[in-house]
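Number of protein chains: 2
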Amino acid sequence: MPNPTAAMLVIGDEILSGRTRDANLHHLSQQFFSAGIDLKHARIVSDDHHDIVSSLNALRAAHDIVITSGGIGPTHDDITADAVAAAFGVAITIRADAREILETRYQALGTELNAARLRMARIPDTARLIANPVSGAPGFQIGNVFVMAGVPSVFQAMLAEVMPELGGGTPMLSETLRVNLPEGDIAEPLAQIAQANPTISLGSYPFHEAGRYGADIVLRGHDPDAIAKAKRGLGMAFQGAIAKDD
Amino acid sequence: MPNPTAAMLVIGDEILSGRTRDANLHHLSQQFFSAGIDLKHARIVSDDHHDIVSSLNALRAAHDIVITSGGIGPTHDDITADAVAAAFGVAITIRADAREILETRYQALGTELNAARLRMARIPDTARLIANPVSGAPGFQIGNVFVMAGVPSVFQAMLAEVMPELGGGTPMLSETLRVNLPEGDIAEPLAQIAQANPTISLGSYPFHEAGRYGADIVLRGHDPDAIAKAKRGLGMAFQGAIAKDD
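Taken in order, these protein sequences are the chains called A and B.
In this text, residue positions in the first sequence follow my numbering: the first is 56, and each later residue adds one.
In this text, residue positions in the second sequence follow my numbering: the first is 56, and each later residue adds one.
Read the hints as simulated data drawn from the structure, not as lab findings.
Mixed in with the good hints, there may be bad ones.
DEER-style ranges, computed between Cβ atoms [unchecked claim]:
1. A:SER89 - B:ASP180: 37 to 45 Å
2. A:GLN250 - B:GLU158: 44 to 52 Å
3. A:HIS263 - B:GLN247: 48 to 56 Å
4. A:PRO57 - B:GLN247: 50 to 58 Å
5. A:GLY198 - B:ALA215: 54 to 62 Å
6. A:GLY224 - B:ASP103: 12 to 20 Å
7. A:PRO207 - B:GLY144: 50 to 58 Å
Covered, in the sense of this in silico footprint (three residues per stretch, anywhere, with C-beta under 8 Å from a C-beta of chain A), are these stretches of chain B [said to hold, decoys possible]:
8. 85 to 97
9. 234 to 243
Simulated coverage check for chain B against chain A, where a stretch passes if three residues somewhere in it have a Cβ under 8 Å from a Cβ of chain A [as the list claims (entries may be wrong)]:
10. 211 to 217
11. 257 to 263
12. 283 to 294
Here a beta-carbon is modelled for each residue, glycine too, at the ideal position from N, C-alpha and C.
Isolated chain A, as found in the complex:
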């Protein structure tokens, strides 16, 4: 069976305005890579209802799993839950189960559950809650879409909650060979080795360090024997120029 495919939708003005450098996509990509879930596509949109709805509908139709991050807090710019409800064509109300989680949490903290905080209990109909062990307010799953917080510590905790049920496939394996030759000298033998090893993805990532050109050749695949074979091919092609082998 092929691995499940996934896409991510990052929601919020802070990355597109340059204020924040993405952390959640980077974390998700590493988690999914290890789990054998093929992350194929990511989109970053601003706090724009129409773009969230249309991006989400495109992604959920094309992939097995969609993860969103951002826009589920208590402030006026948190519009993700309503946009997800609109994308699925379902109603959204304050849900008793989510409200109870918030009541318990804020009672323990001695904090008022005001109208703004209650917005975090707005959950689209038919969605299932995702626990938030960090700060209480839950995420939710509806269909193949998992809606999570944008704060990295909360995003990571919610992802850890759902990872066991996402299944996944054969974990991807990855090895890197650093070759001290300019990419233009590597390209032709590399293309031949790629052709001879069709189950292995061979990526070339050029670098320029201390006046010297080279490339990191990354081998990715599911079968350790196939990776070892491709690696032997690279070793013969670039004999003497391999600087590092992790």
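Dock chain B against chain A, hints included.
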């Protein structure tokens, strides 16, 4: 006149596999923010011809400017130029002007201009070259799409080449107030201030540091007087809880 809108398309397996954390989108977002170009949407796709073509066509129809990064080197996984040609429905060949740039550069380096390196002279018909002061091989512009390298130093140099001609609008201004109150207490007054200051975008970015909850309130807008007015509103609403004011 409203500011031009822009989108970015990041091409390459390395970010979706978790190997690399994005740098080019982060750089572009900061440059465009200062220049008054509104970056509205970004996509990250793998080295997949179909996804590059369809994403590029969606983005260039919806935005004034599209910037791509990645996939224009000499190796077999560099498929961006061909995908861009397909998206525009034009032919792609080794272009004399691009070939001349490569010949001059590799002659000076004493390096052979082999078939792999010549692939970097493949440019879609009607495209205009973008100079690459770092490593020679050019990017190109076709229609409203600017195709640039993925290596961050080269991406940045190419962007610097084209920034003067992208025009841009009224530069966006941004100020941040750190409020030492939980976001749930900030949300209601903040929504009122947002309503009373419709030309200012007010974002709330919660943090949790050393056991204390708070939020950075980011004010973004074009008019310094309008920002100052919204800031006074925040100062009155959160008197005594403002920790930092950059």
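To see whether the hints hold, each was checked on the structure:
1. Checked against the hint of 37 to 45 Å, the pair A:SER89 and B:ASP180 passes, with Cβ atoms roughly 43 Å apart.
2. At roughly 28 Å, the beta-carbon separation of A:GLN250 and B:GLU158 lies outside the given 44 to 52 Å, and the hint is violated.
3. A hinted range of 48 to 56 Å for the beta carbons of A:HIS263 and B:GLN247 is consistent with their spacing of about 53 Å.
4. Between A:PRO57 and B:GLN247 the beta carbons are some 51 Å apart, a value that agrees with the proposed interval 50 to 58 Å.
5. About 44 Å separates the C-beta atoms of A:GLY198 and B:ALA215, a value inconsistent with the hinted range of 54 to 62 Å.
6. As the Cβ distance of A:GLY224 to B:ASP103 is approximately 18 Å, the hint placing it in 12 to 20 Å holds.
7. For A:PRO207 paired with B:GLY144, a C-beta distance near 42 Å fails the hint of 50 to 58 Å.
8. Coverage of a stretch by a chain is defined here by at least three residues with a beta carbon nearer than 8 Å to that chain's beta carbons; for the region 85 to 97 of chain B and chain A the count is 8, and the condition holds.
9. Against chain A, the region 234 to 243 of chain B contributes 7 residues with a C-beta closer than 8 Å to a partner C-beta. That satisfies the three-residue criterion, and the hint holds.
10. By the rule of at least three residues with a Cβ nearer than 8 Å to a Cβ of chain A, the coverage given for the region 211 to 217 of chain B is violated, with 0 such residues.
11. Only when three residues or more bring their CB closer than 8 Å to a CB of chain A does the claim for the region 257 to 263 of chain B stand; here the count is 7, and the claim holds.
12. Taking a C-beta to C-beta cut-off of 8 Å, the region 283 to 294 of chain B contributes 0 residues in contact with chain A, too few for the three needed, and the coverage statement is violated.
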